[in-house]
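S.K.: Here is how the chains run, residue by residue.
There are 6 protein chains.
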Amino acid sequence: MTTNEAADAVTASPVVIIPAGAVEQHGPGMALATDWVRAERVAELVAAELGGRAVIGPPLPVGVSPHHLAFAGTVTLTTTTFAAVVREYAQSLYRHGWRKVLVITGHGGNNATLTTVAQDLLTTHPDLRFAWTPLTALARDVVSGMRVSEVHGHSGEAETAQMLHLAPHLVHTDRLAAGTTSLDELDPPARLAYDGGHPTLTARYDTISANGVLGDPRRATRDDGRRIIDVVVLRIASFVREWLDA
Amino acid sequence: MTTNEAADAVTASPVVIIPAGAVEQHGPGMALATDWVRAERVAELVAAELGGRAVIGPPLPVGVSPHHLAFAGTVTLTTTTFAAVVREYAQSLYRHGWRKVLVITGHGGNNATLTTVAQDLLTTHPDLRFAWTPLTALARDVVSGMRVSEVHGHSGEAETAQMLHLAPHLVHTDRLAAGTTSLDELDPPARLAYDGGHPTLTARYDTISANGVLGDPRRATRDDGRRIIDVVVLRIASFVREWLDA
Amino acid sequence: MTTNEAADAVTASPVVIIPAGAVEQHGPGMALATDWVRAERVAELVAAELGGRAVIGPPLPVGVSPHHLAFAGTVTLTTTTFAAVVREYAQSLYRHGWRKVLVITGHGGNNATLTTVAQDLLTTHPDLRFAWTPLTALARDVVSGMRVSEVHGHSGEAETAQMLHLAPHLVHTDRLAAGTTSLDELDPPARLAYDGGHPTLTARYDTISANGVLGDPRRATRDDGRRIIDVVVLRIASFVREWLDA
Amino acid sequence: MTTNEAADAVTASPVVIIPAGAVEQHGPGMALATDWVRAERVAELVAAELGGRAVIGPPLPVGVSPHHLAFAGTVTLTTTTFAAVVREYAQSLYRHGWRKVLVITGHGGNNATLTTVAQDLLTTHPDLRFAWTPLTALARDVVSGMRVSEVHGHSGEAETAQMLHLAPHLVHTDRLAAGTTSLDELDPPARLAYDGGHPTLTARYDTISANGVLGDPRRATRDDGRRIIDVVVLRIASFVREWLDA
Amino acid sequence: MTTNEAADAVTASPVVIIPAGAVEQHGPGMALATDWVRAERVAELVAAELGGRAVIGPPLPVGVSPHHLAFAGTVTLTTTTFAAVVREYAQSLYRHGWRKVLVITGHGGNNATLTTVAQDLLTTHPDLRFAWTPLTALARDVVSGMRVSEVHGHSGEAETAQMLHLAPHLVHTDRLAAGTTSLDELDPPARLAYDGGHPTLTARYDTISANGVLGDPRRATRDDGRRIIDVVVLRIASFVREWLDA
Amino acid sequence: MTTNEAADAVTASPVVIIPAGAVEQHGPGMALATDWVRAERVAELVAAELGGRAVIGPPLPVGVSPHHLAFAGTVTLTTTTFAAVVREYAQSLYRHGWRKVLVITGHGGNNATLTTVAQDLLTTHPDLRFAWTPLTALARDVVSGMRVSEVHGHSGEAETAQMLHLAPHLVHTDRLAAGTTSLDELDPPARLAYDGGHPTLTARYDTISANGVLGDPRRATRDDGRRIIDVVVLRIASFVREWLDA
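Residue numbers (my numbering), protein chains in the order written: chain A, 1 to 246; chain B, 247 to 492; chain C, 493 to 738; chain D, 739 to 984; chain E, 985 to 1230; chain F, 1231 to 1476.
Just so you know, these hints were derived from the structure itself, not from any lab.
From a predicted model like this one, the values you see are computed outputs, not experimental measurements.
Yeah, the Cβ is synthetic: ideal placement off N, Cα and C, and Gly gets one too.
To give an idea of the interface, some chain B residues facing chain A are shown, with a C-beta separation under 7 angstroms as derived from the structure: (1) Thr359; (2) Thr361; (3) Thr362; (4) Leu368; (5) Trp378; (6) Pro445; (7) Thr446; (8) Glu488.
Quick list of simulated restraints, FRET-style, between CB atoms: (9) B:Asp441 <-> A:Gly52: 24 to 34 angstroms; (10) D:Arg791 <-> A:Gly52: 41 to 51 angstroms; (11) C:Asp737 <-> F:Ala1278: 53 to 63 angstroms; (12) F:Arg1283 <-> E:Arg1225: 48 to 58 angstroms; (13) C:Asp737 <-> B:Leu480: 47 to 57 angstroms; (14) A:Arg218 <-> E:Pro1110: 46 to 56 angstroms; (15) A:Arg95 <-> D:Gly935: 26 to 36 angstroms; (16) C:Thr616 <-> D:Thr862: 29 to 39 angstroms.
Isolated chain A, as found in the complex:
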C-alpha cells in the first residue's frame, strides 16, 4: 500500500486491523513467530472477507511474553512498552482520520495490555473506537469438538492445527512432541496456575511444561485448523460488519 492508497482508505476502509503476535517458544516443532504468523494470516483473511472495508495496518511482531523467557529465543516487551507501541500506532492512524482500530492478537499474553490501552484511550481519545480480539478463544466450540488432551493450550492441538492450515512450512511435524497432557503431570502450584479460573496466578511456562507445550500437537490436523480459522474469520468479520453499521 502506498500513501495514495492510504489516503483513499481513510474513507473507503474505515477500520484498520493491526495483527499482534509474539516471538516466543512454541515447543520443539513450531516457529518462535507462530502467534504473529497466525495473526497476520487471519488479518488478511478477515480483510478479504470484508471486501475492502478494512485495511491492514502495521504489525506488532513482539508481544508480552515474560512467562516464556526461560526458553531460548523468546523476546518480550514489558507491558508498559507494548502499550505505548499500540497507543502510538492508534494515535498515528487517528491523525490520518481513522476512528476504528481492531487489534487481532495471536498471543493471549497480549490480552490484558490491549485492554489497558482501550481503557486509557477512553479518556485521551474519546472518539476513537478501539477493539481487540484473540483467535483461538473465538472458536472454543470447535476446539471442544476436537480430540484434545486433558491439559491443552499453548503449542498444543488447536494452535498446531491452525499452523498446519495457515503456514504448514513453519511446522516441523517430525519434531512435534507431546508436552504436559494430563493434570497428574502438574505439581500443585502448576495446577493452580494452569487452572485459568479465578483467583488467577500467572506462572512461568517452564514450571508447567518441560518442553513448553500444553497438550499433544501430534494429534493436530490440518482440517481442524481450517475449521478453527474459518470460524474465527467469520466471527471477526461479522463483528466488524456490525461495528461499521452501528
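Go by the hints and put chains B, C, D, E and F onto chain A.
M.R.: Below, chains B, C, D, E and F alone, put in the same frame as chain A:
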C-alpha cells in the same frame, strides 16, 4: 496491626491480601465506594476463614474507571499509575519477606491492569507469587440462579445484593432504580460493547445506560447477596489454602 | 455518597478534601495506619465544621515512607508514583467541575511530594487551586505547651495523644514504650538528621531510634490529643472559609 | 526458527541482526513499508553471506517518522517508545546469552534513537555490544556514480533502485513521479533543512516536497539497485566478521 | 578540575557541593540567573571555608519555576525532570566513589523536589548521604534585623542585598523598584498564598505582585548582603564539618 | 538579562541559543567542563556576530557521557533525561513567544539526543523550529589542514587548540600528554569502534585510550584554535542569518 505484629506475620501469615476497589458511580442508590467496600469486607471474611494464615495489607481505594467518568464523583487512575501503585505495594511487602500477594478486586475495571502487573513481576521478582481475583465472577453459578434482568451487571441485581448483605447502610433502597434491563434498549454500538465476548469493545457507561445501572437493583435481596458472598469467600479461601500447601 | 450527591456537591461543596496517610511503623504500640486514620478523622471533623461546603474525596492510604522501610509492615510509594496518584485524583475531580482541592496529610513524609504536585499543576491546570496541610505542625503552640521529651516527634507524645483522642482502640497503651528521648542518645549523624533545620539530611528511622519512636508516648494524654485536634480542625476550617470567600 | 534452534544459535551464531524499518509515505509509487522490506531483505542477505554466524531476530516494522506524518498512512513511534522497544529486544536476547546485537535500519529517521540506545546500554549492560547501521549511506560511492538529480534522497533514485532489485512487486513503476529535483524548487527554509550539514534543522517532508519524493525515481534501474545492495551487504558482512574476530 | 584531580578528590574531598539555581524573573532590576549566581558563589565560599574537604560539582542552572512563567525569560523544569537530573548527577558521583552530596539551592522552588530526591535515594542508594540547603532561610535572624517591608521575599530586600554583595554587576540599581510591600496590596487569594504557613497554597507570582517583586529592593544594602552571606556560609560549612566528623 | 529585557528580546532577538556541554574527562590536561566552556564561548561569539538578533538562553552544563564514566569526575545524564531537559527549556521559551531555538553543543555525545528532541518536537510543537550544531565538525577543513595524529579526536589537537584560544587558563599545558595516536595502538574491537563510519559501534573510552585522549594535544596551537573557532562562529552565524531571513 503494629510493626511488631507485622514482623510476626511475615512467617505466620505468608499471604498478604490487598483489597482493590474503585470510586465510581454506582447508580442513584449505591455509594461511589461500593467496590472498595465489598473488596474490604470480603478480604476480612477470607482472612477470618483462613484463621490467621493471611493478613490484610493496605487497600487500593481508587482503581481504573475511565468508563464511568461521565458520571459525577468518579475518580480514576490511568492504568500505568494503578499498576505502579500495585507494584510498589508488592515490592514493599517483598522487602519484609512476604512472597505471596493476593489482590481481591471489587472492580472489574482493575482486572487487566492486575494481570499486567503479574506479568511484569515474573521478570523483575521471579520468586514473588502474585495472584488476583474478582468477586462476582467467582459466583457465576449463584448469580445465574437469581432472578436477573436480560441485561444485568454494574450496579445491578448481583452487586446490589452483595451490598445489602455486606453494608446495607450504604444502599439507598428508596433510590434504587432500574437501568438498562433489556437488549432492546441498547443501540447497536452499545450492544456490541455490552456483549462481553470477543472481539471486545470498551465503552463509556453513559452510552449503555442513562443512569449508569445495568439491570434492576430493586430485585436484589439480602439473601442472594449472602449466597454470593459465601461462595466467593469459600472459593478464595480454598484457593489460598491450596496455594499455601502447594 | 452516590453519584447523584456528587453531582450536587460540585456546586454546593466546592472544596474536596483528600485525606493522605501512610502505612508505616508507629512503634510497638500504634497501628501502621495511624497517619491515615488521623487524616481521615480530621477530614471528617473539618467537613463537619464547614457544614457542607466541603466534601471528602477518596483517600491516599499509603504515602512516601522509605525512611521507615527497615521496620516490618511499612509500605511505601516512590515520590513519583505518589505524585501521579494525587495528580490523577485532582484531574478526575477537575473533570467534574471542582476547582479547589485540599489534601490533609497525617504523614510528614508526603509534604514534599504534595508541594511538587502543586507546582506542576500551576502549569497544567492553571485554574485549579490545590492546597495541602499537615496536621501536628498546625498545633505547634499546643504541643510546645505539653510535657514532651527533649527529642520528640514520630509516634511520640503529640501523635499518640491524637490517637488516644481520635481512635483509642488503635492504641495498645500497654505496649507503648519510650523511644529516643534525648539528644544524648543520638549518635552524631543521627543528630544531624534529627535537627530538622537546614541543611537537611533525610535519614532512615532505624538509625535514629531503635524502636522507631521519637519521644515517650506513655506521657500522651487524651486531653492533649483533643486540644491538638481541636486547634488543627479550627485552623484548617478557617483557612477553607477564607479560601471560599476569596 | 524454533526455540531449540535458538538455543543452539546462542553459541553458534553469536550475532543477532534486527531489521528496523518504518511505515511511512514513499511517494505515489512505493509501499509504506519500503524501509522495512529493504532492512529485512538485507538482513537475510547478510546472514546468508555470514554462513550461519548470525541469526535474524524480531523486526522493528515501525520507526521514528514524525516528519512524514502529513502524508496518509505514515505511522510513527516517539523516540522514547522506539528506544524502549529496541532496548527490550536487546535485553531479552541478552538473557539468552547473546552479547552482540546489530540493528540494520532501512530508515534514517531511526539513526539518532539507535545511537541513544547504544549510549544508555553502555551503562546498564556494559558487556553487551550494540551496533547499528543504515543502508544507503554505506554505498555512497555507488550512488554518486549513478545518474541522480541535484536534489535526491527519500524515495528517490537510490531507494527506488534498491526496491526494484529487492522487491519489484512493491514498486508501482507506472506511478513513479519526480518529486523535488533541484535546489531552485526549495524555498529558503526547505533548503536550509535539506542541506544535511550543520547546523541541522529537522523539517516536515511536506515542506520540502509536494509528493514526498526527493529526486526522480523514474531514473532508477534494477542494476543500480543490485550494485548498491551488493556493496551494502558486503560491507556489513565484513564488519560483522571483524567484530566476531575482534 | 581535570579528571586526575577528580580522582584524587574522591578521597581528599569526600563532599560534593552542587549549586542549584533557577532562570526566572527577578523583577526589573535583577538578572534571570540571580538564584544560580548566588548558589554558585556561596558554593565557592563554602568550599574555600572547608579548605579542600569539599569540591564543587556540576551546577543545576535551571530549576522548578512554574510560578514565574507569566514573566518573560523564565525557564522551568517539571519537578519530575529536575529530580531526574539531580538523581543522575548523584548516581554519577556515586560511581566514582563519593558518598556525600550536598545541594545548595539559591531557589526555594527547588526545595520540595530536592526532598523527594533525598527520599527516593534512601531506597535506591542506601549508603549515599544526600543533603540540601536553601540560602536565605539560613540567615532568618539576620534578615529579621534588617529594615524589610511588611511583605517581603522574592527579589526583595534580602535577595537584592545578597546580589549587591556577591555580584553587584548583575544588579541594575537604577531599575530596582518596589513590588508588593504591604498586606493591604494583596487581594484575599494572594494573601492566603503569601501567608507561607499551613495549609499551603502555591500561587503564580503574577497574582501576588505586578512586577514580580515582594518587598522593596531599593532598601537593600551591600552590607546587609555581606552579613547574610557570611552567616549562610558559616552555617553550611559548620554543617559539613559535623557531617564529615560524624 | 532581566525579565524586562527578555520581554523585549522575544521580538528583537527571535533566536535563542542554548549552549550544551558535558562534564567529562578531557585527559590529564584539560578541565572536565571543557565542552561546556567552548559551547558557552562560541554562543557568545555567535550572538555578538549576530548583533542582537539572538540571545543566549540557559546552558546545559551536563550532557550524555556514559562512554567516559570510567574516568573520575565524569557526570552523565541518561539520554531520556537530557532530552527532557532540552525539551522543557524549549517549551518554556515557546511559552514566551520564541519560535526558533538553536542548541550549540560542544560535546558530540549530545548529538543523537538533540536529534531525537528535534524529531519529537515536530509532532508536539509543529510551529517551533529547533536546530542544533556541533562545533569542531563545522571546521573539518581547518582541522584537516592542521598537523594532527593518525588517530585524533577527543581532547586531541583540535579540541585543545580551541581551548588554548578560548580559555587558556583551563589548559594545564604542562600536563598535556599524548593519548592514542596511531591505529596500531588500537586493538581490533577498539579500531572498529574508533572507525566512525557505519556500522557504528559505541565504545567506552577507556577501551580505546588509556588516558582518555585521542591524538597528541601537545601539538595544539592557539593559532589553530583561533582559526577553528573563527570558522565555526562564521558558519553558525551565517546559518542563523539565513534562517531568520527564510
